[in-house]
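Undergrad: Protein chains in written order, with this note's numbering: chain X, 1 to 300; chain G, 1 to 300; chain V, 1 to 378; chain E, 1 to 378.
The set of hints was computed from the structure by calculation and includes no laboratory data.
Incorrect hints may have been included.
[As the list claims (entries may be wrong)] For lysine to aspartate or glutamate, the following EDC-like pairs were computed, each having C-alpha atoms within a straight-line distance of at most 16 Å:
1. X:Lys163 - E:Glu12
2. X:Lys255 - E:Glu127
3. E:Lys9 - V:Glu208
4. E:Lys153 - E:Glu127
5. X:Lys163 - E:Asp346
6. G:Lys243 - V:Glu208
7. X:Lys243 - E:Asp246
8. E:Lys203 - E:Glu12
9. X:Lys244 - E:Glu208
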Amino acid sequence: MSILLDRTNRVLIQGITGQMGTFFVEDARKYGTQIVAGISPGREGARVGDVPVFGSVRAAREATAADTAIVFVPPAAVLGATLEAIESGCRLVVATADELPVQDTIEIRAAAKLHGAAFVGPNTPGLISPGKAKLGFMPSFCYSPGSVGVISRSGSLSYECCKRLTLAGIGQSTVVGIGGDPVKGTTAAEALELFHRDPETSAVLYLGEIGGTEEIFVAEYAARGDAKPVAALIVGHTAPPGKKMGHAAALIDSKAESHAAKVAMLRVAGVHVVGGLSGVVKTMQAALSPNMSAVHGATA
Amino acid sequence: MSILLDRTNRVLIQGITGQMGTFFVEDARKYGTQIVAGISPGREGARVGDVPVFGSVRAAREATAADTAIVFVPPAAVLGATLEAIESGCRLVVATADELPVQDTIEIRAAAKLHGAAFVGPNTPGLISPGKAKLGFMPSFCYSPGSVGVISRSGSLSYECCKRLTLAGIGQSTVVGIGGDPVKGTTAAEALELFHRDPETSAVLYLGEIGGTEEIFVAEYAARGDAKPVAALIVGHTAPPGKKMGHAAALIDSKAESHAAKVAMLRVAGVHVVGGLSGVVKTMQAALSPNMSAVHGATA
Amino acid sequence: MMLEHEGKKLLESAGIRVPKGLVIRPGRTAAERASARMERYPVAAKAQVRSGGRGRQGGIVKAADSAALAAAIEQLFATEFGGARPEAVLVEPWLAIERELYLSVAVDGRADGYVVLYGPRGGIDIEDGPPPARYAVGAAHRFRTHEMREVLKDHEPDYQVREKVIALAQRLTRTAALHDCTTIEINPLAKLGDGDLMAADAKVVRDEWAAFRNRDIAGQLEQAKRRVGRRLRDCLNMQHMYVRLDGDIALVSGGAGMTMAAMDMIAEYGGRPACFLDCSPGPTSTRGYRPAFAMLDADPQVKVILVSVFGGGTQMQRVANSMKEIMAERKSRKPVVFRLDGTNVDQVPAIFSQFGACNHARLEDAVAAAVRLAKGAQ
Amino acid sequence: MMLEHEGKKLLESAGIRVPKGLVIRPGRTAAERASARMERYPVAAKAQVRSGGRGRQGGIVKAADSAALAAAIEQLFATEFGGARPEAVLVEPWLAIERELYLSVAVDGRADGYVVLYGPRGGIDIEDGPPPARYAVGAAHRFRTHEMREVLKDHEPDYQVREKVIALAQRLTRTAALHDCTTIEINPLAKLGDGDLMAADAKVVRDEWAAFRNRDIAGQLEQAKRRVGRRLRDCLNMQHMYVRLDGDIALVSGGAGMTMAAMDMIAEYGGRPACFLDCSPGPTSTRGYRPAFAMLDADPQVKVILVSVFGGGTQMQRVANSMKEIMAERKSRKPVVFRLDGTNVDQVPAIFSQFGACNHARLEDAVAAAVRLAKGAQ
């Protein structure tokens, strides 16, 4: 298994006729993603490659039984497109856009909750279930199927870390980019819960950073008696306080949001904290080893 | 019977310690309204007369089983107070306030729909079921129990007309002030539907005015095969176009909103249109007479 | 209602494209000021008025050069539109419009909130054309691009225009809710040669009851008061609702519906109402009614004043006492006819007898008396 | 982050009470201008800066008369707060504050939207006190007065203050959503002698990604660009995210997390990062990277440039070609270390061989090389 995404997802692409949409059709298909429809209002009836284009998500769902949407439209149009996908019955909606106003994310998240849909985004590379399917632009060669669930606030960092895991023979069940914004379609807590219930996932790697409160919930999960082993890398050790480090949420506004405070909190909760990028594989191996996972925090 | 309000409603007053709240306790009680609680945050534990004061609607409902709320708070506080009443489970909420921003009415109406509550207001005197109870400041002597349901966009006009009916021996089942705003807690169409289902109501008097679209639904109802007889007075024959006549919705913005157009439309639908205030009793009598009610529009 | 240039400023603040205009206030140097600052011609000189139908009345003039602009400005400031001279003239580049569209967002009871109207052919003849496409939004945050797309399908064949209109309507609906606007109408919405849409006009009406949370609405209300005479301003400060009519029987009344009913009855009895004047929103006390009498007494058109109040929360003995005070202090000899009814009306006769006034039991009698007096005064 | 006086203007537009202040821009006559226009003393002279902690650094001066005010203004303009001189000084009447409260509305992921924080004792020591009351609102239109009342019950014993705080928080939440603010913090919120609440300070942060629908956010971003040097402005125009640090190894990087990971690794290897520079939001082309190199080459603090990009949607052969072009046109001799990885990285070596560059396979090797070069350059 995996979470949210596997070979069964029937994917429609909103904004398929744009540059990103067209590139995605080719790249994601090559990886095995089932692309069944595209949306481009006014161009219904056209085709992108062999993918039929529809004027609305409803029409696409009726014709193709699509159940998953990925959105490639300009930031100002993301709200409308995602709400259409959610309210037309898609069970998973991915919006990779950065530059989305947080108000819009708040509304989309509320709508997704109301309709029982999963929303991944914004400001994320998307998600991939290695060997099955991908919804986003992550470089395929970095991934291999396996049992580590990966949750990441940052895109490139997840490519880097997954490549290291893959080279070391540690495969991934699903890699979810939860994004760098303060309000998220899928939070670390929600992704953790999904991984917790996924029998194929035996441990989780969390890639976090300074700022925000996401890590509190990682610690909360790790402290549970029935938690799967969690390893975590928190970047931004050298980031100064009070400055936004690219991501809207990557800003040390209070002591609790500093690197030191987060690492300390995670350690106490029994998370295997990675010292730095170079230590990802070793710490992950430790988290995965049955002996070590009993000794909470020993590899930190 | 009656609609929305009878002797069984257990009423709580939001803003009971204000001048209007205090006056209402005395006046409405005298009429038979069951006043069981007042709300005034921070003054919980006090009493107004013998009415216990609570800090929240929830607390009041738990202690007194109140199921109906009337709101006497400043316009800026009406949104909060009505949402509290609706979301705490009141089945009827009355807000007489004028000067409520239409945005707030839109939100309150949406919340009432969601929770299955009736909302009467804003900018209305409230409602009265003669001989049973009243929720508002209408002069009690104008009313008598009977079988005519009255719906009015204007407060004073409904007092005037009901007094004429009462003096002529025509009693009322319930008199609902739907108010003069463009968006209403209870619309004419909704009030008509309630009167239609009320076995004690045998005919309806609708008191309308120029501007807005409410009258379209009165005509629609009257044109139904199973409609109860409807009489209507539309004021504003002498009102110039393009000017707001007091009520936000009383503005002739298009030909369809003029006095002549409304009267013509109502006549075609079989409504007994009253020529002017002096004709209210005669037309109502005609509408109530079994012979006449079969001949649609004959008294117009 | 905001002036066009004020409305456009609001739209621009929400990221909506409007022409780059120049606002010219009246004054001796108005024409010079405009000519000095416009560089490219032709331009449009547009009378800034708060009534509709300006286009049909010659309120928009095309000027090909600086002399023509100066002449246009002078002419516009000298013209009345809907009974008022322009408060300003807006000078804008003359737009190369490929097609005029119509788009508006307005509060509509049938929609439980906002409705969006769209017509593929806008301009001054919009009301004579086919009815516009109608998207019932409801609460502003209920706007859905895909729902509006469905509505527009059969009204706008050009899908690129359609998508731009949808995006604009979404922006307008949000703007209306945020700024407490009850209407934002763009007519025409100009489709330019580059395919882009631009608001060539803007009619924005704001919800004055939201003034407590929008300082600019409060400011507009204050400005509106400054535009009227002192006596009317005193009335507006008491929350009175006033509309001047062309008759001679003035009303001091309570409740919008009841005021209109009295107006109608005056006409029915052969008289002519001088105004709609609803005093119920303000204090129903001497302080409240005094400015109403001051205004009506000073108005030479008014021959008779009919006081018509049917009160619920308003107690009649208090109104009667106010009338006693006002009648005592008032200089004017214009006759006043009274009809008070409602709560505590039984206490009125005793008070009225103190100053020799008579309270009519029925509105018909009061109206008849007022009409008789007005005819006698002619 | 807006300056205090800008934030207060925003609050005032939403009907929130703020002191009537006077904004003094720097310049030779600043002190005179202020003294000339203030009539009553004492006043507060407040440095207008975009960083926190001003109060502790002497950024607020009480002046008892016009001479003291002039001195205060001069002194404030000569002082740096958080590394920057004040852009203006705000002069306000000195408030007779009965109690300082704390109130803020901010976006919070845990609340799925907005959260309201309230402390009955505000002021500069707020962070040392007990944690504030926390009302998780969610979407702004989910604000409920009765829910906040429940939250405040155990935090604010004075029910009249409580009710005013609730009404104010409701207004602030609506304002935040309306104007796309991510934070509105009022500290202190002054309880005055008359029992009324007044915003004695205002820290407002707006969502720059909403600039497309808020022209004033767009304007603020433009202003921010004007405040920096030309080279950084060129970078900001390319959407680069830049934070200057105090080391000598500059980064040209992609992705916020990866940039921080590289910074951390530089420190781990004994080097010191010169900046956070994430170039991924803009075009990953020659046009995009060129201003980054121009800025870093011109920065005397920078000894070595480390290019670290791990691309997904960004294709590495394109980045490699951009680097080839930039290296060819660049005048600076500062060493550049490359580590490209990700999509199409297999095409990189062939391109790099054309200009004699080497691409490190592992970030560790690239960082080690950069640190070595930086130490050699010292």
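Undergrad: Determine for every hint whether it applies to the structure shown.
TA: Verification of the hints:
Taken as a hint, the lysine 163 of chain X and glutamate 12 of chain E pair is broken in the structure, with Cα atoms around 53 Å apart against an allowance of 16 Å. Our distance criterion of 16 Å between C-alpha atoms is met by lysine 255 of chain X and glutamate 127 of chain E, whose separation comes to about 10 Å. This hinted pair does not check out: lysine 9 of chain E and glutamate 208 of chain V have alpha carbons roughly 21 Å apart, beyond 16 Å. Simply put, lysine 153 of chain E and glutamate 127 of chain E have alpha-carbon atoms about 21 Å apart, too far for the 16 Å limit, and the pair is violated.
As the CA atoms of lysine 163 of chain X and aspartate 346 of chain E are separated by approximately 15 Å, the hinted pair is consistent with the 16 Å bound. A distance of roughly 15 Å separates the Cα atoms of lysine 243 of chain G and glutamate 208 of chain V; the hinted pair therefore holds under the 16 Å criterion. In summary, the hint linking lysine 243 of chain X to aspartate 246 of chain E is supported, as the alpha carbons are separated by about 14 Å, within the 16 Å threshold. For the hint linking lysine 203 of chain E to glutamate 12 of chain E, the alpha-carbon distance of about 13 Å falls within 16 Å, and the restraint holds.
For the proposed pair lysine 244 of chain X and glutamate 208 of chain E, the alpha carbon gap of about 12 Å is at most 16 Å, so the pair holds.
Hints 1, 3, 4 from the earlier list are contradicted by this structure; the remaining hints agree with it.
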